[in-house]
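> Given chain U, put chain A in place with the hints provided.
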Amino acid sequence: MQDPKRIVISGPGVPVRGNDIDTDRIIPARFLKTVVFEGLGEHAFEDDRSQLAEAGKTHSFDDPRFSGASVLVVNKNFGCGSSREHAPQALARWGKGIAAIVGESFAEIFFGNCIALGLPCVTVDAATAEALQSAIERSPAAELRLDLGAKRVVAGDQSYSIAIPDGPRKQLMEGRWDSTAELVAHRDGIVATAARIPYFRGFA
Amino acid sequence: MGKTLYQKVFDAHTVATLPSGQHQLLMGLHLIHEVTSPQAFSMLEQRGLSVLFPERTFATVDHIIPTKSQLRPFSDSLAEEMMTALERNVRKHGIRYFSTEKGEQGIVHVVGPEMGLTQPGMTICCGDSHTSTHGAFGAIAFGIGTSQVRDVLATQTLAMDKLKVRRIEVNGKLAPGVYAKDVTLHVINKLGVNGGVGYAYEYAGDVLDGMSMDERMTVCNMSIEGGARCGYVNPDATTYRYLEGRELAPKGDAWKRALEYWESVKSDADAVYDDVVKIRGEDIEPVVTWGINPGQSVGVNDAIPVAGSFAESERGAAEEAYAYMSLEPGSKIRGTKIDVAFIGSCTNGRLSDFEEVLRLIRGKGLKVKPHVRAMVVPGSQAVRREMIEKGYDKVFVEAGFEFREAGCSMCLAMNPDKLKGREVCASSSNRNFKGRQGSPTGRTLLMSPAMVAAAAIAGEVTDARELFGIAAIS
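Going line by line, the protein sequences match chains U and A. If you read the first sequence in the working numbering, its first letter stands for residue 1, the second for the next number, and so on. If you read the second sequence in the working numbering, its first letter stands for residue 1, the second for the next number, and so on.
For the record, the hints were derived by calculation from the structure and aren't laboratory data. From the three backbone atoms N, C-alpha and C, an ideal C-beta is built for every residue, glycine too. There may be inaccurate statements among the hints.
Claimed, not checked - Calculated cross-link-like contacts (lysine-lysine; reagent style DSS-like; alpha-carbon spacing at most 25 Å):
hint: 1; chain 1: A; residue 1: Lys278; chain 2: A; residue 2: Lys266
hint: 2; chain 1: A; residue 1: Lys162; chain 2: U; residue 2: Lys151
hint: 3; chain 1: A; residue 1: Lys68; chain 2: U; residue 2: Lys33
hint: 4; chain 1: U; residue 1: Lys33; chain 2: A; residue 2: Lys92
hint: 5; chain 1: A; residue 1: Lys68; chain 2: A; residue 2: Lys332
hint: 6; chain 1: U; residue 1: Lys170; chain 2: A; residue 2: Lys162
hint: 7; chain 1: A; residue 1: Lys8; chain 2: A; residue 2: Lys190
hint: 8; chain 1: A; residue 1: Lys369; chain 2: A; residue 2: Lys420
hint: 9; chain 1: A; residue 1: Lys266; chain 2: A; residue 2: Lys164
hint: 10; chain 1: A; residue 1: Lys266; chain 2: A; residue 2: Lys173
hint: 11; chain 1: A; residue 1: Lys369; chain 2: A; residue 2: Lys68
hint: 12; chain 1: A; residue 1: Lys337; chain 2: A; residue 2: Lys367
hint: 13; chain 1: A; residue 1: Lys68; chain 2: A; residue 2: Lys102
hint: 14; chain 1: A; residue 1: Lys8; chain 2: A; residue 2: Lys278
hint: 15; chain 1: U; residue 1: Lys57; chain 2: A; residue 2: Lys420
hint: 16; chain 1: A; residue 1: Lys190; chain 2: A; residue 2: Lys332
hint: 17; chain 1: A; residue 1: Lys278; chain 2: A; residue 2: Lys162
hint: 18; chain 1: U; residue 1: Lys33; chain 2: A; residue 2: Lys256
hint: 19; chain 1: A; residue 1: Lys369; chain 2: A; residue 2: Lys418
hint: 20; chain 1: U; residue 1: Lys57; chain 2: U; residue 2: Lys96
hint: 21; chain 1: A; residue 1: Lys3; chain 2: A; residue 2: Lys164
hint: 22; chain 1: U; residue 1: Lys170; chain 2: A; residue 2: Lys164
hint: 23; chain 1: A; residue 1: Lys420; chain 2: U; residue 2: Lys33
hint: 24; chain 1: A; residue 1: Lys162; chain 2: A; residue 2: Lys173
As the list claims (entries may be wrong) - Covered by chain U, per the in silico footprint, the following chain A stretches (three or more residues, Cβ under 8 Å):
hint: 25; stretch: 26-38
hint: 26; stretch: 118-130
hint: 27; stretch: 307-319
hint: 28; stretch: 390-403
hint: 29; stretch: 430-443
Bound-form chain U, shown alone:
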């Protein structure tokens, strides 16, 4: 099994520009008609991609220069809207698989869903997001190196600071982002807490 620790993630980048990109755009609802997550990758950003294609433009997920990318660079409030985990599941299954996301800010449920999959989301200021996106466009083959330990992202000869809340950072670095085992371990505490809460006892 793959090492669950997420400390340094390196790979070519792919920029998706724009604020408030919602999860309906990341994976349109019609692809949620499934009982598995497999197969979602090819539909990531499907409607945005086809609309740009019709307008004679190319979405970065269709641009062959970025086809080997594993670090996605976005702007503000990425992943807002629906709580569908299908959104990060689709990104993680697109192409070679998105392994980390750098953005100005993330919607909360989307962020939590990513961490639960071991997919780091880190934030940078607007100028850095722009610098990273431009750097990727200039040199698509160059690797971005995200270091959660040093809290830096390096692109070429430029290094920028990144932010991520301490809890998720620790979970990712220690390989403990899959929370089920830790939650299960407190079974006695769960039962004891439930016994103290009036409605768990039917207000008896």
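This is chain A only, laid out in the frame that chain U set:
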């Protein structure tokens, strides 16, 4: 120093602090539906785990169910497969299922409250972002992803960070023809679609105090559209009146003890908030969205803001919205032609939503414009039954609306109710995202049910207060 409801309920439900520093939070009520649960059950089984508290999880079907006929098998084989998976999972794990056969089915956020399941002082989660709806009862209620659904099934708990609390007071009075939907759209417009990230919203003030539970649910429902994962209203006599006598609400002596608990979780008068925002009810107009997120809105008689009026960081989003919507900045939103009108959803699909529209249209000989496809979709089978008993269905059909079966319908395009091509829809739902209503190029204008009805009748966006003479009859 006093505490907020959020702090009290969060602390009481905290099981442990996890090595990451997050809190392990016990969940009092877990609601599931067919879209976000099948993979969670699969993961549970792969790990050899069982459901720890099956009596605390409740299921229904809403997103994929057709609203023309609920008869099985569904013609869409993917929808049928999801339905079968849900039925298998609830049977296998002993979970109560609100099914169409029993007449208990509906949108999960309509069914929970109407069954009396949603109660003050609870922690509530569901694999659905509009779970914030349940906060109307003074619960901490929020949406989760599928991996978290797995965690709740296995342990009844979640790894969570504590949120800050922003109190949003809406004081004074709403003008006639201004509704809960306008309040929530106004708040999102003022605070931004990501203004609530990191916060729980506590809604309060004269306007919230005076609202019915249905109206409070409309406000809390859209908290997530403002970036706040959870929004709530402190419980009061209105909350208790709504709950008393409902099937799964406490009864007899338990009811008395429940009232004591519910009163105890209310925010203290001297509670300390991380932020306070005050809004005057009189400043709120009937709101219509013109863009591709719920914060891009204006009063019905206002012009669509020009790019120059936005902060530089918002300008790109505005330009993108003008192009997608084919709307001209600087022109009035009023008069925008519509093709479809949709009244329903977890935001505005409750009995009182339809009653208000009915009050406005009945007996006036008003008809939906012939070119408009107009749909009335009850939020649950119970709402639908009551509408039929009271003869509302006939009034709607007479006025030119289709009267459908219960479900999410045209809110989100996972069932046959969808926009076609570049159609424009006046919608009482909650999201105007690109492609949200099923056509990748379809366009959504969010507004209150009364405003949707007015648009259906006028064939274009119009001021419901004028069309229905609202000021005069209030």
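> With reference to the structure, classify each hint as holding or not holding.
Hint check:
1. Lys278/A - Lys266/A: holds (20 Å)
2. Lys162/A - Lys151/U: holds (23 Å)
3. Lys68/A - Lys33/U: holds (19 Å)
4. Lys33/U - Lys92/A: holds (22 Å)
5. Lys68/A - Lys332/A: violated (35 Å)
6. Lys170/U - Lys162/A: Holds - the C-alpha atoms of lysine 162/A and lysine 170/U are around 17 Å apart, at most 25 Å.
7. Lys8/A - Lys190/A: violated (28 Å)
8. Lys369/A - Lys420/A: Judged against 25 Å, a Cα distance of about 18 Å means the pair holds.
9. Lys266/A - Lys164/A: holds (17 Å)
10. Lys266/A - Lys173/A: holds (24 Å)
11. Lys369/A - Lys68/A: holds (22 Å)
12. Lys337/A - Lys367/A: Holds: lysine 337/A and lysine 367/A sit about 16 Å apart, inside 25 Å.
13. Lys68/A - Lys102/A: holds (18 Å)
14. Lys8/A - Lys278/A: holds (23 Å)
15. Lys57/U - Lys420/A: holds (23 Å)
16. Lys190/A - Lys332/A: holds (20 Å)
17. Lys278/A - Lys162/A: At roughly 24 Å apart (the allowed maximum being 25 Å), lysine 162/A and lysine 278/A satisfy the hint.
18. Lys33/U - Lys256/A: Given pair lysine 33/U, lysine 256/A is violated - Cα atoms ~44 Å apart, limit 25 Å.
19. Lys369/A - Lys418/A: Cα-Cα ~19 Å, so holds.
20. Lys57/U - Lys96/U: holds (23 Å)
21. Lys3/A - Lys164/A: holds (12 Å)
22. Lys170/U - Lys164/A: holds (21 Å)
23. Lys420/A - Lys33/U: Answer holds: lysine 420/A to lysine 33/U is near 19 Å, not above 25 Å.
24. Lys162/A - Lys173/A: violated (33 Å)
25. 26-38: holds (count 5)
26. 118-130: It holds, with 6 qualifying residues against the three required.
27. 307-319: Result for this restraint: holds, n = 4.
28. 390-403: Three-residue rule not met by the stretch 390-403 of chain A, so violated; n is 0.
29. 430-443: Held - the stretch 430-443 of chain A has 8 residues with a Cβ nearer than 8 Å to chain U, which meets the minimum of three.
Violated hints, listed in ascending order, are 5, 7, 18, 24, 28; each of the other numbered hints is respected by the structure.
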